[in-house]
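Trainee: Each chain is listed here by its residues.
There are 2 protein chains.
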Amino acid sequence: MSLVVVGSIAFDAVKTPFGEREKMLGGSAVHFSLAASFFTDVRVVGPVGDDFGDAEYQVLHDRGVNTDDVEHVAGGETFFWKGVYGWDLNDRETLATELGVFGEFEPKLSEASKSADTLFLANIQPDLQRQVRAQCDGAKLSGLDSMNLWIDVARDSLVQAIGEVDLLFMNDAEVRQLTEQPNLVRGARALMEMGPRAIVAKQGEYGAALFSGDSFFALPAFPLEDVFDPTGAGDSFAGGFLGYLAAQGAGAAEDEGELRRAMTYGSVLGSFCVEEFGTERVGRLTREEIDERFDEFRRITAIEGVPAS
Amino acid sequence: MSLVVVGSIAFDAVKTPFGEREKMLGGSAVHFSLAASFFTDVRVVGPVGDDFGDAEYQVLHDRGVNTDDVEHVAGGETFFWKGVYGWDLNDRETLATELGVFGEFEPKLSEASKSADTLFLANIQPDLQRQVRAQCDGAKLSGLDSMNLWIDVARDSLVQAIGEVDLLFMNDAEVRQLTEQPNLVRGARALMEMGPRAIVAKQGEYGAALFSGDSFFALPAFPLEDVFDPTGAGDSFAGGFLGYLAAQGAGAAEDEGELRRAMTYGSVLGSFCVEEFGTERVGRLTREEIDERFDEFRRITAIEGVPAS
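Quick mapping for you: the protein sequence lines, in order, are chains W and D. 153 is the number that the working numbering gives to position 153 of the first sequence; each next residue is one higher, with no gaps. 60 is the number that the working numbering gives to position 60 of the second sequence; each next residue is one higher, with no gaps.
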């Protein structure tokens, strides 16, 4: 079983009411890879510049992530994002976006990546997502994330990209925006008609909802007293989700029970991500901690109660 | 077992993208009473004017609600609220608030109401809530709802009122506002320190969260493709919650399992409320429909899946 993810590899500068970091490892493909690495073999594809060094690679290698397809663009700078969060961590302001080598990114996948069983197209321009999807034509399971920017400037391409994957991950506001449907249930059904067999609507501090066929499932976010940095939560969620599902083998995405466990592992990884800055918490996470929190999710969602273990 | 609710009895004029009603029965005590009536005997306390007639009483009597303590103020007008909802049903604009007889409301409870086992203080001025709480000093279980207005203009009174009840129902934004705590978990803990043994944070379309002791439980809202009118959803939730709990007898509020079932019945009643305008849907609801939807909640929240019945 192997999983390949294509997306951004970045340096982030983040300030929240609880502290700040001037330059730390980030990017959608990085957060996704680290989360997924607890479940399956992961290959990460994305461009970096001269400023990306051994320390950054080490974070990925420590989790066993294969970086053979990380493209080093000589003379370039790694994608840089700077943002600030207020007390309401749902609101963030972007202070700087320097695309660097990411601006000219043309994904080139090795044969090993092309033959991966599972593919995740992290949030990049939808035409690039489609190029990657076409290269990985043997992938038995594929997922895609996007953002409001692409709905605004590349709607038709995004709709086509969505039509070519099995699973779609989106914020609930983006589901509404893309489908022009204020009701989330109707919006998710409209997205399934575009192609994907399941839609995961991410709802930030409220958790996430899963629409698959006629089924519906929703999970709250893990109740945390301290959220230090929400950056990367959605990608960590997707990494936990798709990493778990990839490890279950063919047909898992058609199994409602497996999808619900994937939702739960996604929520577990997302919750650990936000406990510290950037990749700090997930970088030293253990499988035992993941499974403990999975059990906690069973307890906090069981109407009939689950005895403490 | 009997449950008394003190709050507003009103006429509402509501416009949503799906239709409008110029004058229909509403008010927090009405929505609460109808929802609670499926579980226990309910007495409703509140003032009405000359415009409140047989047709309005009939809606309450059809559900067996005791209206002996509805105070008819001769020459007065019933509380009137007019509001409009946009496509995003989370946002509403108040177009008119005519307090009428509600502006001079001084709750007067009969001996029968004073001796009720369970008391719900719907959203009214917190000093009035305290007066009622003092009159019902034998109530073994009490709950309170409030709103942002009272946090703004009567904060100290509200804090005292909260200190005198067992259960607090509030929107999550109000939990944050009252406690000046952006983190909901910390906000709920701060509220428990004021007195209540459990806090229910209502989250609108995202459902509701329950904090009790060290326990946490969260339930999504029922996935509806058509939400016609959100007015009264929170009071219907509280009615289902407290009505169920009252029917379970002494000690139920100390039982985490009973609290979780109460959360679920509350969510069931809230979900039916919004399916049509005002009291239309709950007014003709059946216990069988309630129990079917309770089972649906088990299915949409079970990580490990629940077989369809």
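Keep in mind that the hints are not guaranteed to be accurate.
Some residues of chain D that are not near chain W, with every Cβ distance over 12 Å (derived) [said to hold, decoys possible]:
#1 Ser2
#2 Lys114
#3 Ile151
#4 Ser157
#5 Asp172
#6 Glu304
Okay, the calculated bits of chain W under chain D, using three or more residues with CB under 8 Å as the criterion [to be verified]:
#7 32 to 41
#8 44 to 57
#9 69 to 75
#10 126 to 134
Short derived list, chain W residues pointing at chain D, Cβ under 10 Å [stated by the list, open to error]:
#11 Asn171
#12 Asp172
#13 Gly213
#14 Phe216
#15 Phe217
#16 Leu219
#17 Ala221
#18 Ala252
#19 Phe297
Hint data in this document are derived by calculation from the structure and do not stem from the laboratory. Just so you know, even glycine gets a beta-carbon here, dropped at the ideal spot from N, CA and C.
Trainee: For each hint, tell me whether it holds in the structure or not.
Mentor: Hint-by-hint comparison with the structure:
no.: 1; hint: Ser2; verdict: holds, 26 Å
no.: 2; hint: Lys114; verdict: holds, 34 Å
no.: 3; hint: Ile151; verdict: holds, 17 Å
no.: 4; hint: Ser157; verdict: holds, 26 Å
no.: 5; hint: Asp172; verdict: violated, 9 Å
no.: 6; hint: Glu304; verdict: violated, 7 Å
no.: 7; hint: 32 to 41; verdict: violated (count 0)
no.: 8; hint: 44 to 57; verdict: violated (count 0)
no.: 9; hint: 69 to 75; verdict: violated (count 0)
no.: 10; hint: 126 to 134; verdict: violated (count 0)
no.: 11; hint: Asn171; verdict: violated, 13 Å
no.: 12; hint: Asp172; verdict: holds, 9 Å
no.: 13; hint: Gly213; verdict: violated, 13 Å
no.: 14; hint: Phe216; verdict: holds, 5 Å
no.: 15; hint: Phe217; verdict: holds, 6 Å
no.: 16; hint: Leu219; verdict: holds, 7 Å
no.: 17; hint: Ala221; verdict: holds, 8 Å
no.: 18; hint: Ala252; verdict: violated, 14 Å
no.: 19; hint: Phe297; verdict: holds, 7 Å
Taken one by one, the earlier hints fail for this structure at numbers 5, 6, 7, 8, 9, 10, 11, 13 and 18, listed in ascending order.
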